[in-house]
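Undergrad: Listed below are the residues making up each chain.
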Amino acid sequence: MSDRETLLDMRQVTTHYGPIRVLHNVDMQIYPGEMVCLLGGNASGKSTTLKTILGIVRVSEGEMYFRGERADTLTTAERIERGMAVVPENRRIFPKMTVRENLEMGSYLRNDRKGIREDMDYVISLFPRIGERLNQMGGTMSGGEQQMLAMGRALMSRPKLILMDEPSMGLAPLFVEKIFEIIKTVNDEGISVFVVEQNANVALSVADRGYVLQTGEVVLSGPAQELLANEDMKKAYLGDV
Amino acid sequence: MAAITTTAGRRAIPWGWIFGLGIPALVLARIYYLVNVVEVRDYAFFIGAMVQSLQLGSLYALIALGYTMVYGIIRLINFAHGEVFMVGAFISYFLFSGAPFALPWALLWSAVLAWGVAFILNLWRGSMTHPTVIAGGLVAFAALTFLLSTFQVNWVAALLLSMLFTGVLGVVIDRVAYRPLRGAPRISLLITAIAVSFLLQNTGLIVFTRNQTPFRPETDWTAFLQFDVLGGTVYTSRLMFLIPILTAVLVTALTLFVTRTRLGKAMRASAQDAETAQMMGINVNRVIATTFLLGSMLAAAGGFLWGLNFGSLNQPAVMGILPGIKAFAAAVIGGIGSLPGAVIGGLLLGFLENFMTALFPRQGDFPGLTEFKDTFAFALLIVVLLVRPSGIVGEDLSEKV
Ligand SMILES: Nc1ncnc2c1ncn2[C@@H]1O[C@H](COP(=O)(O)OP(=O)(O)OP(=O)(O)O)[C@@H](O)[C@H]1O
Ligand SMILES: [Mg+2]
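Chains as they are written, first to last, in my numbering: chain V, 1 to 241; chain U, 1001 to 1401.
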């Protein structure tokens, strides 16, 4: 795999919140078209990893490359323009904006009206429920609908890489399956997916590869099938399998 | 153990109905009493009070919008806003009374104004160094230098240029005083705002004047107007049209901006959730700067109209204080963070001030309430905070956190 061109390449990335070190020498690669999951317990630094990739949190040591270009010095807007998009933890829908306006915020940096309209249609075809509620306030949508809206919002930037933070959180098991089905569909269209999950079973069953984070360090990584079979993984994250 | 309460078991008191119907009923009864029973007033007098209320309320609304916008987006009570209003008034005064300026002064004015033009173009073009922005700024600089050093400035131009100038002031205040403190404890920001307020007051004393200043631009809009209605005569001026209409135009423009434009939507998004807005690629600092620009422009319009309405400007150290505090009260009464709330709160305050004094005139030993005019705003503020802490149209603040 290593001879292929990476989409995202994190090399020995360390980040801090003030004096507190959160990520420590993290090495992660995402290849074009891949779906990679990031597993780990609470406070292990999963969300911080996503925020670092997106530039909300600064890299204090190490380097990051996106599509071959040095990315850790870019602003968040520049990274989004180059093809990143995020589905944040807890969805973070703008509650007092309509569903349509929420989607528009996803395409905030774009100027191609025609392309935006096409993507709006694509999102609606993916989530018909959103199409029925374009004029409803975001805050009045159900948890599951908000998750779909957050995914739709991310797709509105026509990204190369979608970063998702715990898309299954707070959803009924049946709905989780549905969400992951859609993630798979999106991934099959060629959009790479980097998904943070606590729900390791579900995530590994659809992902190509996985990384396991523990107190800010990568302790395990490999193809999803291997991780599913790994004894340490079973004990720590997969429960009684 | 806390008892379990349900909404069904604990019927909410219908304050909306009580206030919405009760107060107008009481007011009408009182008017009837004053006109027909003790016969100290005629109906036309109260029509006049309504006209005045609308004028004053519009002014409060224009100022209150700046408080509510800034609070909505960075949760700061911008104590300097009353002073921004004061500066706006004085700037328009110097424009219509001072132009044409000597060349050095014209250059100075034009530099500030051209920077404002460039900043607005930059909001549209995305960068201060974009060719359109630089060209626009230079053209504006040349044109304004010529115009301001050659011609007099009429009241419309004075109003517009003062809005631009004061908008720049708002952006600069944010950039220099508030932006370095993003992420600092809120109290630091609050203290800084108070410092900026003092700074502007004293700069005003040094640069503008130390005296009350007559404010009389050449315009027909201040002309006296009287009309007969309900068997009496209302004495007023044409400002009864100008002030509410101009306010309505500005409020409509602002509403269209925040609901229809990309930057306006980004402003609402940033107010609701700044971090997520940033994750969408929104440059939140730029959005905040825009908020200061617009809030200060509205305050400048308010300052100009305030001058027209009262015919003079108080000296700079005090001019902004009382209108500022009252407009802040109006913003809180309406529901701070809410644009319609600021307008409703401002109008309500205008009506309250005029009607309390109109409804309780001097009568025998009773001296009337005119003396207490300035306290009504705060009395209402206390009542609203007790009954409905989130303001009239504001949502529950806990929901926002
Ligand atoms: N803004 C912040 N300031 C200071 N510390 C922070 C901040 N955000 C996160 N942290 C700390 O960084 C560590 C990692 O947090 P992070 O949110 O990345 O964990 P996580 O793996 O996503 O956890 P969870 O599964 O609970 O979402 C935690 O100890 C957290 O307290
Ligand atoms: Mg997290």
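Hints are computed from structural coordinates only; laboratory data are not their basis.
Since we're looking at a predicted model, the values are computed, not measured.
Yeah, the Cβ is synthetic: ideal placement off N, Cα and C, and Gly gets one too.
Mixed in with the good hints there might be a few duds.
[Unchecked claim] Computed beta-carbon distance windows for the label pairs:
hint : chain 1 : residue 1 : chain 2 : residue 2 : range
1    : U       : Leu1190   : V       : Tyr17     : 16 to 26 Å
2    : U       : Pro1104   : V       : Asn135    : 54 to 64 Å
3    : U       : Thr1132   : V       : Tyr122    : 24 to 34 Å
4    : U       : Pro1131   : V       : Glu78     : 54 to 64 Å
[To be verified] A few chain U positions that, by computed beta-carbon distances, are all more than 10 Å from chain V:
hint : residue
5    : Asn1036
6    : Phe1094
7    : Arg1175
8    : Tyr1235
9    : Thr1236
10   : Thr1276
11   : Asn1283
12   : Phe1372
13   : Leu1386
Undergrad: Now tell me if each hint is right for this structure.
TA: We went through each hint and held it up to the structure:
1. Leu1190(U) with Tyr17(V): 16 to 26 Å: 25 Å, holds
2. Pro1104(U) with Asn135(V): 54 to 64 Å: 56 Å, holds
3. Thr1132(U) with Tyr122(V): 24 to 34 Å: Hint holds: Cβ distance 33 Å, inside 24 to 34 Å.
4. Pro1131(U) with Glu78(V): 54 to 64 Å: 20 Å, violated
5. Asn1036: 48 Å, holds
6. Phe1094: Non-interface label stands for phenylalanine 1094(U): nearest chain V Cβ at 39 Å, farther than 10 Å.
7. Arg1175: It holds; arginine 1175(U) is separated from chain V by about 18 Å at its closest Cβ, greater than 10 Å.
8. Tyr1235: 44 Å, holds
9. Thr1236: 39 Å, holds
10. Thr1276: Non-interface label fails for threonine 1276(U): nearest chain V Cβ at 4 Å, not farther than 10 Å.
11. Asn1283: About 6 Å separates asparagine 1283(U) from the closest Cβ of chain V, which leaves it inside 10 Å; violated.
12. Phe1372: 38 Å, holds
13. Leu1386: At roughly 26 Å from the nearest Cβ of chain V, leucine 1386(U) sits farther out than 10 Å, so the non-interface label holds.
In terms of the numbered hints stated before, the structure departs from hints 4, 10, 11, listed from lowest to highest.
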